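The lines below spell out each chain.
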Amino acid sequence: MKIVDGQKEKLRIEQLEVSYPQEGAMQTALKSVTFTLYEGEILSLLGESGSGKSTVAKTLIGLLPSSATVRSGTLILSGHSSIDLSRPSTSWSEIRGRGVAMLFQDARLALNPMMKIREHFRETLHAHRLASKEQIASISEHWLTRLGFTDPSTILNAYPHELSGGMCQRVCLALTLCLRPQVLIADEPTSALDTVNQREVLHLLQSLQRELGLTVLLITHDIALAEALSHRVIVLNEGRIVESGLTSQVLREPSHDYTRQLLASRDLTSDAKAISPPDASSLLTIRNLFKTYDAEQPILSGVNVQLHVGEIIGILGQSGCGKSTLARCVVGLEHAQSGTIHFRRQDITHAKGSARRRLARHIQLVFQDARASLNPRFSALELVQTPLHAFRVGDRKERLERARYLLEEVGITGAAQHRRPPQLSTGQCQRVAIARALALQPEVLICDEAVSALDMSVQAQILELLQRLHRQFGFSILMISHDVRVLRAFCHRIAVMHEGRFVEFLQGNRLSSGEHAHTRLLLQGADEPESV
Amino acid sequence: MNSRRASCALGFGVALLALLAGSVFTASWLSPDDPLAMNVGARLQQPGMEHWLGTDRFGRDILTRTLHGGQTTLISCGLALLSAVLIGMLLGALAGMFHGSVFDIVLMRIIDVLLAFPFMVFAMVIAALFGTSLFHLLFAVVVVWWVSFARLTRSLVFQAKNSTAVDAARVLGTSNTVILFRELLPQALGPVLVLATFELGNLILAIAALSFLGLGSQPPSPEWGSMLADGRAHFMTAPHVLLGPALWIILTVLAFNCIGEGLRDRMDPYEKARIG
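Which chain is which? The protein sequence lines are A and B, in order.
58 is the number that the UniProt record's numbering gives to position 58 of the first sequence; each next residue is one higher, with no gaps.
39 is the number that the UniProt record's numbering gives to position 39 of the second sequence; each next residue is one higher, with no gaps.
It is possible that some hints are incorrect.
[As the list claims (entries may be wrong)] Distance condition first, Cα-Cα at most 16 Å in a straight line; then the derived EDC-like pairs of lysine to aspartate or glutamate:
id	chain 1	residue 1	chain 2	residue 2
1	A	Lys-58	A	Glu-17
2	B	Lys-161	A	Glu-334
3	A	Lys-352	B	Asp-167
4	A	Lys-31	A	Glu-238
Just so you know, the hints here were simulated from the structure itself, not pulled from any lab data.
Since the structure is predicted, the reported quantities are computational estimates derived from the model, not experimental observations.
Please build the complete structure, drawing on both the sequences and the hints.
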């Protein structure tokens with residue numbers, strides 16, 4: 001879509017500079033950020049974590065933490081006088097909601113768990129004196145209907161926890177839109193959702209933007225999302241705008257190195273030859289695994305899979321389909337009600353106590369949240385020695401040597417080896433976690449969404465690392481992910497999971513041949529969303 | 001809380017405590033008078049050059065008695081607190097680790113009963129059964145005081161038990177004992193220490209209160225609470241008799257509260273990383 005010359009300016013930010021205190025000194029988070037938002041456009045602010053994109057959003061709506069200092073910056077919102085952001089006395093209540101509204105990443109956390117949706121609407125409309133008591137019900141039902149809810153009265157009487165993540169985000173969108181804001185800031189509005197929900201929210205955002213002529217600032221790390229939705233793109237790196245322009249121009253013919261690098265990391269290409277072929281002998285056999293917390297909805301209902309020596313199987317599924325429970329059952333953190341798990345010839349379905357402990361030498365798990373899986377009190381070196389210590393492998397010196405070697409293999413070198421998790425980046429934490437999981441030379445490595453929390457470029461690095469380690473050590477991998485992109489680049493076989501069972505097995509490079517309806521739904525969600 | 005303010009609080013608390021403890025434990029050198037020596041001629045003297053904080057109704061120097069009495073108070077409080085923390089942490093950690101087991105359920109009910117029981121009444125019962133002495137008083141204090149530490153440790157350990165870090169440790173084959181000492185107890189240690197510093201203030205006040213009621217250390221040996229009790233009769237005519245013990249109690253409790261405040265931030269591993 002083209003920007004007509006002389007289009008009306010909605011919001012302009014000039015010379016914004018923000019810094020945070022870090023390690024005793026002030027670190028600049030944003031440096032002379034200047035941009036304009038025109039009426040009726042979607043502008044994407046594209047950047048990786050730490051680039052300062054959320055700081056921009058928080059500044060625009062006056063939600064910066066008190067430790068942050070705004071050195072300079074002017075906010076000009078049409079219909080309001082210009083605001084000097086470096087002065088603390090700005091009266092945000094006039095701007096928030098009706099001037100600038102915000103859609104948060106995690107809608108479930110943005111809603112008050114103690115309040116029904118009806119009360120959220122009442123509070124919102126009441127605060128801005130937009131509706132009388134009688135009107136509130138009709139206004140809220142109107143907006144819920146527009147956001148695709150077929151039964152708004154039921155939703156109004158529900159509490160947030162009774163709704164899915166996608167529904168919560170739609171409710172939040174209804175809550176912001178009912179105030180008719182001049183500018184809507186959407187801060188990673190879909191990254192907390194799985195692909196199917198993501199698409200639903202995106203479609204709504206897109207169609208409502210067109211119908212209502214909304215002006216949207218979309219903050220995202222997802223290039224595909226920016227490409228599909230936005231008219232213009234601003235690329236932010238380390239607090240500076242490195243490139244800006246029309247979406248098609250910036251993303252097709254990037255002029256800045258950083259943008260090119262960002263675009264390259266999106267395509268997780270791997271040549272199939274790089275993945276060594278699996279052996280014929282089977283390592284892990286799962287038969288008819290069944291697990292339920294309450295009788296109505298089983299988490300696992302008859303999972304069957306056979307993992308061969310050196311094989312990489314991808315498990316693809318939406319959130320809540322039972323992927324993580326399967327992983328936890330295999331490593332013995334949870335136990336299935338029926339069915340069997342065999343490792344080589346040995347039944348490990350109900351392994352407890354010391355039998356389960358011994359499993360650690362053969363099967364290891366890498367968690368999604370690497371930072372949370374590492375004890376923050378120990379250094380990387382000490383963390384990698386933990387499993388060696390638990391099984392009394394070698395003496396003190398050998399353990400230290402082995403930990404050093406492993407950390408170097410995953411790319412943690414020098415002083416970083418002595419840092420504790422709070423001092424490491426998320427990507428580094430995941431590297432330490434992988435090194436620790438490999439310390440005992442396991443035969444099976446389970447990666448439970450091991451790269452989903454990482455930035456695109458870090459994702460590519462970690463996947464490359466896993467590929468290299470797989471080649472080097474020859475272990476088998478169960479790669480659990482909701483992201484088709486990750487699995488396609490990486491796996492021999494991909495198992496599609498839906499409602500607690502595998503509905504289809506596909507060859508890694510022949511994913512598009514999937515026939516099951518659910519496979520197609522997942523693939524459709526992953527491929528580039530239709531462009532504007 | 002601002003980390004610089006926290007370390008200020010910690011520094012101030014430690015310095016104040018060092019000063020107080022120093023004055024108390026070098027009492028026989030600082031103030032060589034006998035804290036028990038009576039001089040009826042000089043009873044209830046106002047503070048002056050000879051007796052800085054005045055004298056009590058038997059003509060004993062109040063400053064001397066406060067400093068000497070502090071030894072009893074501080075040592076007994078420290079011992080009582082240490083035993084209460086150790087017992088509470090051990091039982092609480094086991095209850096949290098085996099959450100929902102018979103041990104956990106029985107322990108929690110015992111704690112419920114102890115919390116419902118008035119501490120003063122309990123101390124009086126002990127005193128009535130075994131006689132009044134400082135040792136019996138401390139016994140009564142420990143029997144009641146461990147419960148708050150046990151409850152706190154239990155909830156922290158239980159919370160930590162379900163964390164990803166502990167799941168990860170299990171997957172790595174770490175044994176239960178190692179998990180308890182490396183993953184669970186360190187998480188509980190910070191909050192428990194902070195609670196302990198706050199509780200120490202309460203403990204000093206409680207022991208002083210019980211001594212005031214005549215249940216703790218017996219006259220003529222000095223102790224802050226019993227000195228307060230002693231001075232009560234002359235409060236209207238000679239209020240200065242309360243000044244010494246009251247001042248030291250206030251300052252000690254203040255010192256420990258400052259230390260608690262400062263420790264709360266120091267024990268957070270993420271906070272330390274940010275300070276760098």
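* Which of the numbered hints above does this structure break? -> Of the numbered hints given earlier, the structure breaks none, since each of them holds.
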